[in-house]
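On the provided structure of chain A, position chain B as indicated by the hints.
2 protein chains.
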Amino acid sequence: MSLPDFELVKLVQLQRRIKPSLVAMQAALDGLVASDIELAAEVGRHVRQGQGKLFRPTLLLLSAMDGGEVPADAIEAAAAVELVHTATLVHDDFIDEAQTRRGRPAVNAMYGPATALIMGDLLYTRALRHLARLSLVRAFQLMTETAVLMSEAEMLQVQTRYSLDVDEDTYLRIIYQKTASLIECACRIGASFLPDGDAMDKMFQQFGRQTGLVFQITDDIFDYLGDPRRLGKPTGGDWEEGRITLPLIAAWRRASEPKRRMLNTLAGCRDPRERAASWAEVQAFVQAHGGVEYAYERARSYGEQAKQALAGLAPGPRRELLATAVEYVINRLN
Amino acid sequence: MSLPDFELVKLVQLQRRIKPSLVAMQAALDGLVASDIELAAEVGRHVRQGQGKLFRPTLLLLSAMDGGEVPADAIEAAAAVELVHTATLVHDDFIDEAQTRRGRPAVNAMYGPATALIMGDLLYTRALRHLARLSLVRAFQLMTETAVLMSEAEMLQVQTRYSLDVDEDTYLRIIYQKTASLIECACRIGASFLPDGDAMDKMFQQFGRQTGLVFQITDDIFDYLGDPRRLGKPTGGDWEEGRITLPLIAAWRRASEPKRRMLNTLAGCRDPRERAASWAEVQAFVQAHGGVEYAYERARSYGEQAKQALAGLAPGPRRELLATAVEYVINRLN
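In the order they appear, the protein sequences are chains A and B. Start counting the first sequence at 168; every next residue gets the next number (this note's numbering). Start counting the second sequence at 168; every next residue gets the next number (this note's numbering).
In case anyone wonders, no lab produced these hints; they're calculated from the structure. Idealized CB from N, CA, C, for every residue including glycine. Please note that a few of the clues may not be correct.
[Said to hold, decoys possible] One-sided excerpt, in silico: chain A residues whose CB lies under 7 Å from chain B: (1) 285; (2) 307; (3) 325.
[Stated by the list, open to error] Chain B stretches covered by chain A per the calculated footprint, using a threshold of three residues with CB under 8 Å from any CB of chain A: (4) 197-209; (5) 225-238; (6) 276-284; (7) 314-327.
Isolated chain A (complex conformation):
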């Protein structure tokens, strides 16, 4: 983590409002990761020490708040959702052959691919077993729907790797299934604990989905601009690994035929070093055609829709806190 990170401060302030629930959620997480098998326990500790910002469980707990109270089962469900998220990161890092995760060695880099695969499976199945043991039927239904969507997105991403044929619709499908679906799922599981949960489901679905789309588009923009929160973080990772994202898709649409041919040649190459070498040219192409601006506009618009969805909520601390959460995501770009 690095220099002035005002937006993260906002998230931390927000989390302070639900601190007891978040603390209990983390204790539940520790329990879910513990194992009498030494290797599993060791990798589990490694994974837990690299804990992220807990964005998904935070949204789940906020969504489940009823008059300031969070039901005990919602805390358990929040731990399960964070555990599923962790499992997907372990498998993702394996797929991307990532060396680090949150500044620490990735599981596959540290323990090898077989252990990474098994650890992901173990975290995944522990999370689902937790929901099943608590008989949280609605939560495990939502969670398995989402787990399928996420796996499909990974497959679609492998299939479309290096392909400039990825259009905005395919891109949106991938980022919805890969990222937004779990954020949406967290909100809907949270809402399922509300007395009027059925009636609220649609609203939380909208809110979670749009917030999730903003989240991923923002991440994809960072890969072109650099993450303002992490000065010096390298850009171009997506390009290097053949992931075609919104800034490039938008730029491509606006480009002339000769420029497209030029980019086509660069995109066809699969050698990582050559791709790294062509990154400056790709960045210039995207800049010349306003690709980042377009992506930013889309993110802003999804953010507005997320906030509009909140209009269906009664005014009060929950609505304010959820609005702060979506502001946090949008403002990461400023």
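For chain B alone, coordinates are given in the frame of chain A:
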């Protein structure tokens, strides 16, 4: 598949008795594997074409039989169990770096490790989503308990690889969690559809567990003796990959200190070629100390316990068919 395979004929005859259910189960499987994502659909077809003997769904359907009828939901649950089994094979082949599965290229060998990992995840999550969508809560609970056990077994197997410290208890834990738990789970899910399912659960658990233990011990013996059903199938795969199984554990217990030291030296080496070269010596060691005979005795004893568990069932076609199933497993060794 190869020459005189009388035992397999017995299984096929048994399956003929529940043919309509098995056909419906396979149609359900096709549906669960289908995808609008080309790559997923292609790998799915590849996996389906390598279909195995359907032992687990056969047991589930037999367990669910009530007066000759199999409930429609049991057929769907049987498809989910077979799909989970398929998912574990895809991940297992990746972990073992297997080149083939059932005489065809393994998914990892044909499509690469990333696709194998994702395909396993996709099949897994599709299976669990199927149970969740049908609101088969009991089946979902049993399945997630089992999925955790299987992942833990994989981890334990990685942890104890190459280690002669694996004793019979650890071995039994591994094979119960890795193999027997899913067979037990299939039987219990089947029984959950019976009107007196709760009362029958314990019996089907015993039957499934013991049958599953026989199944895996038998497989492990094949790796020393050669599979009598598949003439010329190479032996020593477990030794080469550092898996210490019951014949070796039993032989070790009976061996003198000098013989143990000799084996220790061989076991410490992790180079696959050197391990392959030491196989004849290991085989001789196991033979000299009656390791296979001991394992066979254990398998026979678990088989007897499985048949005893069936005594709790009312006489009739279901009991006969389940007895035939366990006979099939035991007799694979004759």
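Comparing the hints with the structure gives:
Look at residue 285 of chain A: its Cβ gets to within about 4 Å of chain B, closer than 7 Å, so that hint holds up. Taking 7 Å as the C-beta contact cut-off toward chain B, the hint placing residue 307 of chain A at the interface holds, the least distance being around 6 Å. Hint status for residue 325 of chain A relative to chain B: holds, with the closest Cβ pair at about 6 Å, below 7 Å. Counting residues of the stretch 197-209 of chain B whose CB lies closer than 8 Å to any CB of chain A gives 5, so the stated coverage by that chain holds, three being the minimum.
Beta-carbon proximity to chain A at under 8 Å applies to 0 residues in the stretch 225-238 of chain B; the threshold of 3 is not reached and the given coverage is violated. Only when three residues or more bring their CB closer than 8 Å to a CB of chain A does the claim for the stretch 276-284 of chain B stand; here the count is 4, and the claim holds. With 10 residues bearing a CB less than 8 Å from a CB of chain A, the stretch 314-327 of chain B meets the requirement of three and the coverage assertion stands.
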